[in-house]
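Work out the full structure, taking the sequences as your base and the hints as a guide.
Chains V, D and Y, in that order, are what the protein sequence lines are. For the first sequence, the numbering used here gives the first residue as 10, with consecutive numbering after it. For the second sequence, the numbering used here gives the first residue as 122, with consecutive numbering after it. For the third sequence, the numbering used here gives the first residue as 854, with consecutive numbering after it.
Honestly, the hints are just simulated from the structure, not real lab data. Values in this document were obtained by computation on a predicted structure and should not be read as measured data. Treat each hint with caution, since some may be false.
Claimed, not checked - With a straight-line Cα cutoff of 20 Å, these simulated SDA-like cross-link-like pairs (lysine to any residue) come out: (1) Y:K973 / D:G324; (2) Y:K1079 / V:P389; (3) Y:K1147 / V:E380; (4) Y:K1079 / V:E380; (5) Y:K1030 / D:W139; (6) V:K378 / Y:I1139; (7) D:K147 / V:H24; (8) Y:K1150 / V:Q317; (9) Y:K1147 / V:I315; (10) D:K321 / Y:G965; (11) V:K17 / V:K419; (12) V:K316 / Y:L1145; (13) Y:K1147 / V:D341; (14) D:K321 / Y:R962; (15) D:K151 / V:H24; (16) V:K144 / V:A229; (17) V:K362 / Y:P1140; (18) V:K378 / Y:K1079; (19) Y:K1150 / V:I315; (20) Y:K1030 / D:P337; (21) D:K147 / V:T25.
Said to hold, decoys possible - Covered by chain Y, according to a simulated footprint, are these stretches of chain D (three or more residues, beta-carbon under 8 Å): (22) 314 to 328; (23) 332 to 340.
Even for Gly, the Cβ is constructed at its ideal location relative to N, Cα and C.
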Amino acid sequence: MEKLIETKDLFTEFHTFEGVVKALNGVGIVVNEGETYGLVGESGCGKSVTVRSMMRIVQAPGRIVGGRVIIFFRAEDRSRGIDIVDRSEAYMTSLRGESISMIFQEASTSLNPVLSIGYQVGESFHFHRRPQMLKESIEHLDEELAGNLAPLSRRWRRMQRSLLARELREREAYDGRIDEIDRELYKLEEQEGPAVVDRKRQLNARRDSLKEHGALTGMAMRTPFIRRYRRRLERTIRGHVVDLLRSLGVSNPERIADSHPHELSGGMQQRIVIAIALACHPVLLIADEPTSNLDVTIQAQIVELIKQLKETTISSVLYITHDLGLVAEICDRGSVMYAGDVAETATVRELFKNPLHPYTRGLLHSVPKVEQVDELATIPGNVPNLIVPPSGCRFHPRCPDRMDICPKAKPPTIEYTPGHWVACHLYTDGKK
Amino acid sequence: MSDIVEQTKEQPAAHPGWREFTFSMKRLFKNPLTIIGLSIIMFFVFLAVFAPLLAPPPRPFDPYLMPHRGWDMTPSPPSAENLLGTLPSQYDILYGIIWGTRNAFRIGLTVVAANLFVGLILGAIAGYFGGIVDEIIMRIGDVFYAIPTLVLAMALVVAIGRGLQSIVIVLIILGWPTYTRVIRSEILVIRNMDFILAAKASGVSHFRIIMRHIMPNSIFSLIIVGSMNVGVTILIAAALSFLGLGSDTGYADWGAMVSTCRNFIVGPPENRLAYWYLVFIPGFTIALFVLGWNLLGDAIRDVFDPRVRRR
Amino acid sequence: MSDTLVDIRDLVKYYPVTAGVLRRHVADVKAVDGVSLKIARGECVGLVGESGCGKTTLGKTILRLHEATSGRVYFNQPAERIDEAERLLAQPDASAQKKAALSEIEVTRMDGRRLRALRKEMQIVFQDPSNSLDPRMLIRDIIAEPLEAQRLFSGRDVDFRILELLDLVGMGSGHMKRYPHEFSGGQRQRIAIARALATKPQFIVMDEPTSALDVSVQAQILNLLKSLQREFNLTYLFVTHHLLVVKYTSDRIVVMYLGKIVEMGSTRSIFERPLHPYTKALLSAIPIPDPLTKREKIVLSGDVPNPVNPPAGCRFHPRCSYAKDICRTVEPLLEETGIDGRTVACHRWKEI
Chain V
10 MEKLIETKDL
20 FTEFHTFEGV
30 VKALNGVGIV
40 VNEGETYGLV
50 GESGCGKSVT
60 VRSMMRIVQA
70 PGRIVGGRVI
80 IFFRAEDRSR
90 GIDIVDRSEA
100 YMTSLRGESI
110 SMIFQEASTS
120 LNPVLSIGYQ
130 VGESFHFHRR
140 PQMLKESIEH
150 LDEELAGNLA
160 PLSRRWRRMQ
170 RSLLARELRE
180 REAYDGRIDE
190 IDRELYKLEE
200 QEGPAVVDRK
210 RQLNARRDSL
220 KEHGALTGMA
230 MRTPFIRRYR
240 RRLERTIRGH
250 VVDLLRSLGV
260 SNPERIADSH
270 PHELSGGMQQ
280 RIVIAIALAC
290 HPVLLIADEP
300 TSNLDVTIQA
310 QIVELIKQLK
320 ETTISSVLYI
330 THDLGLVAEI
340 CDRGSVMYAG
350 DVAETATVRE
360 LFKNPLHPYT
370 RGLLHSVPKV
380 EQVDELATIP
390 GNVPNLIVPP
400 SGCRFHPRCP
410 DRMDICPKAK
420 PPTIEYTPGH
430 WVACHLYTDG
440 KK
Chain D
122 MSDIVEQTKE
132 QPAAHPGWRE
142 FTFSMKRLFK
152 NPLTIIGLSI
162 IMFFVFLAVF
172 APLLAPPPRP
182 FDPYLMPHRG
192 WDMTPSPPSA
202 ENLLGTLPSQ
212 YDILYGIIWG
222 TRNAFRIGLT
232 VVAANLFVGL
242 ILGAIAGYFG
252 GIVDEIIMRI
262 GDVFYAIPTL
272 VLAMALVVAI
282 GRGLQSIVIV
292 LIILGWPTYT
302 RVIRSEILVI
312 RNMDFILAAK
322 ASGVSHFRII
332 MRHIMPNSIF
342 SLIIVGSMNV
352 GVTILIAAAL
362 SFLGLGSDTG
372 YADWGAMVST
382 CRNFIVGPPE
392 NRLAYWYLVF
402 IPGFTIALFV
412 LGWNLLGDAI
422 RDVFDPRVRR
432 R
Chain Y
854 MSDTLVDIRD
864 LVKYYPVTAG
874 VLRRHVADVK
884 AVDGVSLKIA
894 RGECVGLVGE
904 SGCGKTTLGK
914 TILRLHEATS
924 GRVYFNQPAE
934 RIDEAERLLA
944 QPDASAQKKA
954 ALSEIEVTRM
964 DGRRLRALRK
974 EMQIVFQDPS
984 NSLDPRMLIR
994 DIIAEPLEAQ
1004 RLFSGRDVDF
1014 RILELLDLVG
1024 MGSGHMKRYP
1034 HEFSGGQRQR
1044 IAIARALATK
1054 PQFIVMDEPT
1064 SALDVSVQAQ
1074 ILNLLKSLQR
1084 EFNLTYLFVT
1094 HHLLVVKYTS
1104 DRIVVMYLGK
1114 IVEMGSTRSI
1124 FERPLHPYTK
1134 ALLSAIPIPD
1144 PLTKREKIVL
1154 SGDVPNPVNP
1164 PAGCRFHPRC
1174 SYAKDICRTV
1184 EPLLEETGID
1194 GRTVACHRWK
1204 EI
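Encoded structure:
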């Protein structure tokens, strides 16, 4: 399978009032094309911080202080990938929503309560698919112009068409220039040296400063009467929005598109959030505990939806959860995280059948299952304070199989069996 | 029975209340605004406390009467004898500023303290019991809000009679809706929290719930509102004094001092700014005083607001 | 001593909805709409359902933290007295004095003094430990509060008892003089449990005690609750939405939907053979932590409806795949099935 996105030795820290929280301690994850990847762990283990670092939306006072995040779906040279850790913000903005989308836990806070659903879903189209939408609007206008029209409407439509065409031209020119800059940045990635760093900074600055449309078009977009030409664009986008909602199983999509978030139930809101995330057919969907706040039956609906979408629209899903049952149900492969480290990575079947890391084992035994259990096994102790994390392996204070070396050195991640990685001193000699 | 590896091991040496206090103090002093605000207020406290030393009163039985040399109506600019100049009738401005500080503190703190007390009680009743009691209290407060504060204050002071005493009384009467509202909204939030229900489930009486649970949790917002309101109170008091409703001429009161200079705010045509010191000096003092309290209130809020506290 | 500790009859709790300038009463949120339930001494009854089904409201109303709109709750009363009281209430012309006598035994009618004494016997553990402990009180004072309110101990005995309780829940003396925010979620929940045990109650309502906690901490708390139940012969009403947790802890399960009980029975038999379509859907929707099990998933269409306007007839019919005409018009009552003492409220349970 082809790699899609990868992190290597990711270190993220939060500089808070009480101290520096070392949230991520060298996290390495690989998500392949076409698979559902599960990231499991309890609260504070760093799974949310990991994906936010991957998308570079870690909130202040957090910062990525080391490591690489490599994406493989935009590079011409697929074996090398592009490191996005120090790319410009404009680059990341074009990536988010378009190639990688993210949905969060609370659907009601992900939606703006004063804007209509149609507007919010349409925003993705506005931002990422502008040339396509412009072209479609122009096509519609051409069709109308070909028919019989009163001279006034004909003139008005001609004007609309010319303004839209102008915007399209400028946009395409802008895209061309961005592509050039990106190509050069990609070539520079392999090289080193102060001159290179300077040139990179220069290119990033130039990329950020380019404007998407010229001055005249900009004015036309703001002048009160003239800007009505954009209604054509809105209408095209709305058509797409309604189609998208329908394909997600929303009954009566036109009415929903006109309503506001507070008029919908939790499950429906989460569906809308998924719609927004999928509007531009991203390659990767990251879901950060999307169903934790929902009822069990609604959760089942959403899980079914995501499964369906995997067949049709999305290529891969990175699913974060603390619920082992969900992981077992929808994921192909997964990682178990603890206190900023990746404890174990394997296919889901391997993880459940043959857990290697003591934490994974403890976790699996402490979850209530269908078969009657006399007493649940527990992991003694509490999740550690990440300002002063335990030395060496961060799990050692609570580990039933603790050895002498565990507090001293951080265990390396080794591939114990093909496709099954574990970071534990019990296995570092290749035996157990 | 215990299978926990304890992170928080032994009992710390200090009492928990003291620990919280030191934490608050540390956070308070990390904020540069606090230092500035506190310094300003400390400066004024110094002026107020050491007034007899800094500006010895010529008439010890009534130190608030400003000294004056002569009865010349034209104010004199700052000079060696009158460091900050004089008002019309030659009242020394410096003396007025220093002794006026005492008045300012007295007005500000009295009004705010009384309002805190009234607001706490009324707000607690309105918030905890809700229903018709709440409605009545809130609507009466609305009536007070509907009429412009300054206009109503003027009318009341004229009705009661002029003087600083009246100003204090009137401001207390007019200020309670704000505090009541603040406490009431805090209580509305706290009332639904589970720990109140838990106390109910244990059989704790209403009165004890209010005193032990609701009060301590809502008091901090009051402190914040109070410290910010001291500044506003002084401003309104000074405004009322300026309009002539405060003390008589010759008494050390910042607003009254500006009031006597009404005819001299703009100077003669050849030198419009001849009497700048008349408006500027008392005005600047008032502004500085209000600024100090506002900064302090901001800093207190940054430290004690539970949303921001544990950042 | 009767075997039934808590006897609930036709409990109803409506929240009025007001609209308009004059705040007219236009509708009711029918949170709990006629629930009858008997909880035996020493039993753990699991109350499951989704949001809006009324399970939390039911728990709190039993404890009289909310005032019931109508219905009766009898706590620790012999069966004869309960029957007598019920007969009395059935007679519309019974004298007012006789009705007043009810206030001695029936929770929703009790006066202040008797109610306060009753509160010693019934306690509650809340869902969110960060909300259920007063952030400005020391742990020692939090646990001492019920003891002081009930005037059970005095002076040094209070501290002694507090230490005893902390030890029961696995915490130590060093924790007494601290504030809640210095502890983790699991530890706070332990403190809440210690507080609930302070007055030696017979009956404790557990309102989703582990929903806000991590998986491994959840296991610790569940084990603790089980061992405490065994040690003190406590009776639990375990309210939760997590079916696997209920399976682990409860002897009997009561399934609620939109304010009514739809199915009731022993845990084992409900899991083996759910009868009500909603129970079936609920059970099939639980994610099972085993990748090899393949299950037929019943995915319900639509959303959880609004308790203000419950559907006519059987409340579940808009989402039920087995709905027929009778389901749309006539509301099914809870009936005995004769299987394992199960009761179910469905017109078609025999055919499904």
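Discussion item. Taking the earlier hints as the rules, which of them does this structure contradict?
Written reply: Those not satisfied: there are none.
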